[in-house]
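Q: Order-wise, the sequence lines are chains A and B.
By our numbering, the letter at position 235 of the first sequence is numbered 253, and the numbering carries on one by one without gaps.
By our numbering, the letter at position 128 of the second sequence is numbered 146, and the numbering carries on one by one without gaps.
FYI, nobody ran anything at the bench for these hints, they're computed from the structure.
Any given hint might turn out to be false.
One copy or two, it doesn't matter: identical chains are merged, so the pair holds either way.
As the list claims (entries may be wrong) - With a straight-line Cα cutoff of 25 Å, these simulated SDA-like cross-link-like pairs (lysine to any residue) come out:
(1) Lys101 - Met178
(2) Lys250 - Val216
(3) Lys193 - Asp278
(4) Lys154 - Glu232
(5) Lys193 - Gly228
There are 2 protein chains.
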Amino acid sequence: MNVFVIGIGLIGGSMVKDLRLKNKEADIYGIDSNQENLEQALNLGLINKAADYNDLGQADLVIVSIPVDDIIVELPKILDLVKDDCLVIDCGSTKGLICQAVESHHKRRNFLACHPIAGTEFSGPTAAVNGLFKGKTNIICEVEQTAYKLQEKALELFRMFEMRIRYMNPLAHDKHIAYVSHLSHISSFMLGKTVIEVEANERDIFDMAGSGFESTVRLAKSSPAMWTPIFKQNREFVLNSLEEYIQNLQEFKTMLDTDDYDSIFQVMENTNRIKDILTMVQ
Amino acid sequence: MNVFVIGIGLIGGSMVKDLRLKNKEADIYGIDSNQENLEQALNLGLINKAADYNDLGQADLVIVSIPVDDIIVELPKILDLVKDDCLVIDCGSTKGLICQAVESHHKRRNFLACHPIAGTEFSGPTAAVNGLFKGKTNIICEVEQTAYKLQEKALELFRMFEMRIRYMNPLAHDKHIAYVSHLSHISSFMLGKTVIEVEANERDIFDMAGSGFESTVRLAKSSPAMWTPIFKQNREFVLNSLEEYIQNLQEFKTMLDTDDYDSIFQVMENTNRIKDILTMVQ
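Next up, chain A with everything else stripped away, as it sits in the complex (with noise of 0.2 Å):
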């Protein structure tokens, strides 16, 4: 099986990185813009072989882990290239767009758009690692728009890397992950913002910092190279869940102010559900 990987970052790297355990036989192609990256994947022994577009006709299977703004540039691209039983997947964070990059494109059955909701904050080829996947969600949207013999493919392809299947629509991935993804990125983007600017001597702050703000302040580690086109794209669900989130703090802010220390106390007691809902789905 020739398995080709266009961006050899933290997703793509990893679950090539999991694919070569599980499939020994597997040729494991990279394409990537970036020289280094490629060079790092072949002396970290994620990929067999640099390669471009004009390879593209051998592959079996094609992971698309690039940026979002590209996936929409490149997909029909891509999808002009392969043979007719070669399996194409993504893995952006946003799935509208790219859904209707490819709605009419002649090869669009050879395309399963997926988001696994898998990452850490680190990125780039050093940042693959094994097991990423595993136990984690991968949201499937449009399946019925891929070829029936390629959804099968793919699920166990998603199988092997232990993941969780769910179908969704575009749209409804778009608004629901703009909540549960997209708004914690800004959060913590912004706590860090603001806490580095509170003062010159950052020593002195950050040594007072506790494992709480660390894990808060994880996401603003994230590269805003991935991070900037998810928001352009995501832009009207994102604006959505980023003014309900600051009308939030707003009242939080209005109940401290005005010393209504009941309404605080209760605002805090009935988001402790989080525990328990956060323990269900686990």
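With chain A held as given, fit chain B onto it using these hints.
A: Chain B only, in chain A's frame:
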């Protein structure tokens, strides 16, 4: 040595757990307004005996680990009852009002104002763990107000816990901690609230939540009984930090609203520095 722990939860419980490991001879007494906590603490072997204020005259060390509003009320009474060579420490997340509450107490020199920056989102005696304080920072305020011999005794204790010590004045402590701890909690609680509000079908949403959401929202599991008085006591500094945070979120929203993706990229890239700062501190 007779050790009294007043408020036998996550912090007090973890302290005596470590203490017992290192000092087998210590007799550990628990005082708690919650009878259930006391029984749990006995069953878990955190304390040897349930006690009350009438026994405080026997104490060599008193650890006060109760909510910060209770500290203000109880600390003067506790100081009234201890003998001259007894060390009393608190563990409160605010320091200004606590130091004020005992500033002219005739036994002020028996008290050392502390804030061990350690914890988890769990609470109660069952949340107590060994090694919670290892490598963590303990902020000591107004050290010069404590008797020299008792300072020494306290430092020996903190060395046993393997904590790093920092000295600050209460006002500086309260200002900085508003940013690196209190604000993180509000940010996390309001994020949890926003996401819980968005839809009735929580299972559907949280199933999509990755580890990023989970770490950002972790602090929303914290105890309202502990946190309401903290926000109350540190009201001014928390309001300032909250205002700056909302301001930053609003600026981000404006950037997205006006499709200013260069600025979005830039602000995230600038905030990525948090990576180096947090690494530097560790």
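Q: If a hint holds in the structure, say so; if it doesn't, say that too.
A: Outcome of the hint check:
1. Lys101 - Met178: For Lys101 and Met178, only the intra-copy Cα distance (24 Å) is at most 25 Å; the inter-copy one is 67 Å.
2. Lys250 - Val216: between (28 Å within a copy, 21 Å between copies)
3. Lys193 - Asp278: between (33 Å within a copy, 21 Å between copies)
4. Lys154 - Glu232: both (23 Å within a copy, 13 Å between copies)
5. Lys193 - Gly228: Between. Shortest inter-copy distance 15 Å satisfies the 25 Å Cα cut-off; intra-copy 33 Å does not.
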